[in-house]
Amino acid sequence: MKVININLSYNSDFVTQVEEESGQKLNNCYQCGKCTAGCPYTEEYDISVSQIMRLTQAGQKEQVLQANSLWLCATCESCTARCPNQIDVARIMDVLRHMARKEGYVGTGRVKTFWDSFLSSVKNNGRVFEVGLLVNYISHTGRFWTDIGLGPKVLPKGKIHFKPTEMQGKKEVAKIFMRFKEESAR
Amino acid sequence: MKVGVFVCHCGSNIEATVDTAAVAAAAREFPGVVFATDTMYTCSEPGQDEIVNAIKEHNLGGIVVASCTPRMHEQTFRRTVERAGLNKYLFEMANIREHVSWIGKDREANTNKSVDLVRMATEKLLRNRPLYSKKFDINKRVLVIGGGVAGIQAALDCADGGLEVVMVEKTSTIGGKMAKLDKTFPTVDCSSCILGPRMVDVAQHPNITLYAYSEIEEINGYVGNFEIKVKKKATYVNWDSCTGCGICMEKCPSKKATDYFNEGIGKTTAINIPFPQAIPKKAKIDPDFCTKLTKGKCGVCAKVCPSGCIDYEMQDEFVTEKVGAIVTATGYDLFDWSVYGEYGAGRYPDVITGLQYERMLSASGPTGGHIKRPSDGKEPKNIVFIQCVGSRDKSVGRPYCTGFCCMYTAKQAILTKDHLPDSQSYVFYMDIRAVGKLYDEFTRRAMEEYDTKYIRGRVSMIYPKGEKLLVRGADTLMGSQVEVDADLVVLAVGAEASAGASELAEKLRISYDSYGFYMEGHPKLKPVETNTAGVYLAGACQGPKDIPSSVAQGSAAAAKVLGLFSKDQLESDPQVSIVDIKRCIGCGKCIQTCPFGAIKEMEFRGMVKADVIETICQGCGICTSTCPQGAIQLQHSTDNQILSEVNALCQF
Numbered sequence: 001m002k003v004i005n006i007n008l009s010y011n012s013d014f015v016t017q018v019e020e021e022s023g024q025k026l027n028n029c030y031q032c033g034k035c036t037a038g039c040p041y042t043e044e045y046d047i048s049v050s051q052i053m054r055l056t057q058a059g060q061k062e063q064v065l066q067a068n069s070l071w072l073c074a075t076c077e078s079c080t081a082r083c084p085n086q087i088d089v090a091r092i093m094d095v096l097r098h099m100a101r102k103e104g105y106v107g108t109g110r111v112k113t114f115w116d117s118f119l120s121s122v123k124n125n126g127r128v129f130e131v132g133l134l135v136n137y138i139s140h141t142g143r144f145w146t147d148i149g150l151g152p153k154v155l156p157k158g159k160i161h162f163k164p165t166e167m168q169g170k171k172e173v174a175k176i177f178m179r180f181k182e183e184s185a186r
Numbered sequence: 001m002k003v004g005v006f007v008c009h010c011g012s013n014i015e016a017t018v019d020t021a022a023v024a025a026a027a028r029e030f031p032g033v034v035f036a037t038d039t040m041y042t043c044s045e046p047g048q049d050e051i052v053n054a055i056k057e058h059n060l061g062g063i064v065v066a067s068c069t070p071r072m073h074e075q076t077f078r079r080t081v082e083r084a085g086l087n088k089y090l091f092e093m094a095n096i097r098e099h100v101s102w103i104g105k106d107r108e109a110n111t112n113k114s115v116d117l118v119r120m121a122t123e124k125l126l127r128n129r130p131l132y133s134k135k136f137d138i139n140k141r142v143l144v145i146g147g148g149v150a151g152i153q154a155a156l157d158c159a160d161g162g163l164e165v166v167m168v169e170k171t172s173t174i175g176g177k178m179a180k181l182d183k184t185f186p187t188v189d190c191s192s193c194i195l196g197p198r199m200v201d202v203a204q205h206p207n208i209t210l211y212a213y214s215e216i217e218e219i220n221g222y223v224g225n226f227e228i229k230v231k232k233k234a235t236y237v238n239w240d241s242c243t244g245c246g247i248c249m250e251k252c253p254s255k256k257a258t259d260y261f262n263e264g265i266g267k268t269t270a271i272n273i274p275f276p277q278a279i280p281k282k283a284k285i286d287p288d289f290c291t292k293l294t295k296g297k298c299g300v301c302a303k304v305c306p307s308g309c310i311d312y313e314m315q316d317e318f319v320t321e322k323v324g325a326i327v328t329a330t331g332y333d334l335f336d337w338s339v340y341g342e343y344g345a346g347r348y349p350d351v352i353t354g355l356q357y358e359r360m361l362s363a364s365g366p367t368g369g370h371i372k373r374p375s376d377g378k379e380p381k382n383i384v385f386i387q388c389v390g391s392r393d394k395s396v397g398r399p400y401c402t403g404f405c406c407m408y409t410a411k412q413a414i415l416t417k418d419h420l421p422d423s424q425s426y427v428f429y430m431d432i433r434a435v436g437k438l439y440d441e442f443t444r445r446a447m448e449e450y451d452t453k454y455i456r457g458r459v460s461m462i463y464p465k466g467e468k469l470l471v472r473g474a475d476t477l478m479g480s481q482v483e484v485d486a487d488l489v490v491l492a493v494g495a496e497a498s499a500g501a502s503e504l505a506e507k508l509r510i511s512y513d514s515y516g517f518y519m520e521g522h523p524k525l526k527p528v529e530t531n532t533a534g535v536y537l538a539g540a541c542q543g544p545k546d547i548p549s550s551v552a553q554g555s556a557a558a559a560k561v562l563g564l565f566s567k568d569q570l571e572s573d574p575q576v577s578i579v580d581i582k583r584c585i586g587c588g589k590c591i592q593t594c595p596f597g598a599i600k601e602m603e604f605r606g607m608v609k610a611d612v613i614e615t616i617c618q619g620c621g622i623c624t625s626t627c628p629q630g631a632i633q634l635q636h637s638t639d640n641q642i643l644s645e646v647n648a649l650c651q652f
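Top to bottom, those sequences are chains A and B. Going by the numbering used here, the first sequence opens with residue 1, and the numbers climb by one from there. Going by the numbering used here, the second sequence opens with residue 1, and the numbers climb by one from there.
Be aware that one or more of the hints could be misleading.
To be verified - Okay, the calculated bits of chain A under chain B, using three or more residues with CB under 8 Å as the criterion:
no., segment
1, 1-9
2, 24-31
3, 49-55
Unchecked claim - Every beta carbon over 12 Å from chain A, so not counted as near; a handful from chain B, in silico:
no., residue
4, Tyr41
5, Tyr426
6, Phe428
7, Gly479
8, Gln481
9, Asp513
10, Lys524
11, Val612
Unchecked claim - Dumping the calculated DSSO-like pairs for lysine-lysine here, alpha-carbon to alpha-carbon at most 27 Å:
no., chain 1, residue 1, chain 2, residue 2
12, B, Lys417, A, Lys25
13, B, Lys322, B, Lys251
14, A, Lys2, B, Lys56
15, B, Lys135, B, Lys381
16, B, Lys381, A, Lys2
17, B, Lys88, B, Lys56
18, B, Lys251, B, Lys229
19, A, Lys2, B, Lys468
Simulated from the structure, these hints should not be mistaken for lab results. Beta carbons are placed, not taken as given, at the ideal position from N, Cα and C, and that holds for glycine.
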């Protein structure tokens, strides 16, 4: 394990940016661990949410933005709801996710690919088309066998459709994506 | 004597593992017992009424209560039997809680042991005699040992209450540790601004006599009538004429004397006044550094002193004071942190103690309130504070928490930012113990407003890296090993009992714990009393304490003294040794063994006999076991009474 030099590796720009974009004061966190205690994803996380908070406090940008946890967070906001210091932890997670994406820190391709496949499916169909998403994701990652076991369970229940269902407002949804593309390009 | 026995359930404390009804039934068969019962809570009001009623109804002459330890309720039940018209010594207690029910689960064995204990108590009670206290006059003066904030508070409260106070302080000024502090938490008040006026009050109060630079040589006597021998150490300056002008300090050529007041940050002159607000503001010569005293050459101070008060021939002087009570407020000292080799053991000049840092922060300190690295005088940028140095560490024999370091570290981190806005403070801590009014808010302020970086973990080593010090520790919250490049390291060194505390305790005849802190009479209910009547505790001599707690205990001790002196006479404890003059052969062995000097020789019809001074005797019983004739007997624990208990136990 690496030794962290607390003063030399402290990235103050990172801390300021997280504080500005989230509107939260990182020093308010006293590391009680209640966010981790209530987080439904703790067992899947590589770095628990309270440790994400601690590392962010300590200005450890690299380690935070490489965390897989950022992409597993479901934004259920249990952490925010229960924080004794009224810190919006989920908002901080969101800010960190944005930063990681923008600055190309997304280390695990799978998570990024999943979200890309998900969003492209929504863009094209107005809502997610599961089989399309699956094909897209598998073709980019080559993970054929990972979720195959789910097939026999969901197929007989009619949960999986082989072509996208028509829905109202499909164009409007596509417009949202267009607007995002235009505005983020500016 | 008709005896009544009460076996207490103590709720379920005793009843759960002792068949109290069976114990009462067994007691009914003992010789002398005419009444025995078991009760739910004997100490409660209905429980006590039951005793009173039984005494009247059955015309009882003595009572045995089988319940908890006598330390808990012996006084309670003595008052109960007194209320029913019996002498309070016609009462015995059998401890079937601490000695039986709490330590064993076997109900049958417990019941049998309880029966034995009740039988022993009954047999002793049958031999008890009524005892009566004597009254004696008291001297309504009080001695306060130690002139720190606790002692000052106790002295001022006693003096304001109309008592004459004698204060003895080891160093040449009062003020103690608080006088060395720059600011106080959590208000960041200037320490000397709030303490200074109190120190002046001590100097000016008509009821207070102050002996500074003095120590307790000897203590004799007992509550109400102590005789104290005070050693006034030689200052080589006649304090009656010294005006504290300070000219001697300016001219003294020996400028390398250890500056004790400034904790060794900087040096002072051989003749010195420790600090500008010193009380009394009088100069004294440090004989280790004065060239006149060490080599016989110099004499500059004697030449320049406008009042002619230098006296190189001065000797220690002894004075005797008579007082009726003593308040001990001897404070604490810092743990000797040089045992920590991993922190440099004192080899790195830029690793200092919190108290040294405090002197550095103080405007009247050796650096004029500027934070400087002792090594090169440069302003530090990264300052690392390490908590729990000599606290919560079994490996150095200090497993206890000093309790105030978390707070003073937070205060110092805040002050550091005020002094050096561009600096960055780091605090390595194990836990933040901020128990007190506005305390936690204060430590949070250090983090939230002053951006002090708190790192949860101990530091494992410090080593030099160029001009800096590399501090290697852990951040257990982050789960990694961390290091900081520090310019200055401040150790939050814990408190230990003050030097000489145990020797003083022996003179006071009070007990102290394994760390040298004085023992209070009861950890909950007698926090300022000691087990020696008339001796009270105030401040950190009883255990590490912050300023508010020390002041509170100072006032509490004063209240105890004022309460004690609200009577003109005190009652002596009649449980003392008495000499049977017919049996005494005058061998004097008891006189030799008595630890209190309570036995003296007397002449009776031309023969030498021992005589006990009842007010000094503490009832320890050493004389009774020494006496070859059995002539000296401790009342209420005579040989016959003890043997009757042994016989009751060993009858089968």
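Hints, one by one, checked against the model:
| no. | hint | result |
| --- | --- | --- |
| 1 | 1-9 | holds (count 8) |
| 2 | 24-31 | holds (count 5) |
| 3 | 49-55 | holds (count 4) |
| 4 | Tyr41 | holds, 42 Å |
| 5 | Tyr426 | violated, 7 Å |
| 6 | Phe428 | violated, 10 Å |
| 7 | Gly479 | violated, 6 Å |
| 8 | Gln481 | violated, 5 Å |
| 9 | Asp513 | holds, 34 Å |
| 10 | Lys524 | holds, 31 Å |
| 11 | Val612 | holds, 63 Å |
| 12 | Lys417(B) / Lys25(A) | holds, 19 Å |
| 13 | Lys322(B) / Lys251(B) | violated, 41 Å |
| 14 | Lys2(A) / Lys56(B) | violated, 83 Å |
| 15 | Lys135(B) / Lys381(B) | violated, 68 Å |
| 16 | Lys381(B) / Lys2(A) | holds, 25 Å |
| 17 | Lys88(B) / Lys56(B) | holds, 15 Å |
| 18 | Lys251(B) / Lys229(B) | violated, 36 Å |
| 19 | Lys2(A) / Lys468(B) | holds, 21 Å |
When held up to the earlier numbered hints, the structure conflicts with 5, 6, 7, 8, 13, 14, 15, 18 and fits the remainder.
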